[in-house]
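S.K.: Put together the whole structure using the sequences plus the hints.
Numbering of the sequence shown is given in full-length UniProt numbering, commencing with residue 1 and proceeding in unit increments.
Treat the hints as calculated values from the structure; they're not laboratory data. Keep in mind that the hints are not guaranteed to be accurate.
Ranges between beta-carbon positions, derived for each pair [stated by the list, open to error]:
hint, residue 1, residue 2, range
1, Thr8, Gly45, 32 to 40 angstroms
2, Ala69, Arg4, 29 to 37 angstroms
3, Asp42, Thr16, 23 to 31 angstroms
4, Leu17, Gly89, 32 to 40 angstroms
5, Pro71, Thr152, 14 to 22 angstroms
6, Arg15, Gly49, 34 to 42 angstroms
7, Ala11, Asp44, 33 to 41 angstroms
8, Ser47, Thr8, 33 to 41 angstroms
9, Asp20, Val41, 24 to 32 angstroms
10, Leu17, Gly49, 27 to 35 angstroms
This structure is a prediction, so every number in the text was calculated from the model and none was measured. A virtual CB, placed ideally from N, CA and C, is assigned to each residue, including glycine.
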Amino acid sequence: MAGRNVTTVVADLVRTLPTDPRLDDVVAAVARSVGTPTRVVDVDGPSWGSLTALVSQAPHENLVLVPAAVPPLYRMHCVLHELGHLLHGDAGAPTPASVASLAAGTNVCQRDVDGRSAAHGDDPTQAAGHGLVSVSGDDEHFAERFAYEVATVLLGAGSSDERAYG
1 MAGRNVTTVV ADLVRTLPTD PRLDDVVAAV ARSVGTPTRV VDVDGPSWGS
51 LTALVSQAPH ENLVLVPAAV PPLYRMHCVL HELGHLLHGD AGAPTPASVA
101 SLAAGTNVCQ RDVDGRSAAH GDDPTQAAGH GLVSVSGDDE HFAERFAYEV
151 ATVLLGAGSS DERAYG
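M.R.: Dropping the structure here:
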């Protein structure tokens, strides 16, 4: 779905959801859309550092990994953001080195909205060589907007002021 407008992607997804959808309904709808079973896994363990969530794709299953000890609203945003990456087609499978880094409590993923690699300047090949998954700024903006728009469906429209002014 890369290249599609995020509002169109959300509208298409929402049409497949039941009345009063829940986060689990969105996960199931994304799984149907990408054609691969998708699970959300709460991970307890070492510090996640600056990493807030992680999506891992395998031929048989997608996993959205989120820290176990985060507030529910923040968890929902993290899950929706990673689902946005799946729908946009820009998620990847972590390398063995990145999985080992997560287990050791260090950063495994680098996603910067300005499109620059904080650890390696502007050279995305350097990030990949160190087991990091690097995603472009456009991909990040898509995932953030997807998370926001789907959250408004899950949480409701809010007050009249919020509906008028966003």
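S.K.: May I ask which of the numbered hints given earlier this structure violates, with the numbers listed in increasing order?
M.R.: Of the numbered hints, just 4 does not hold.
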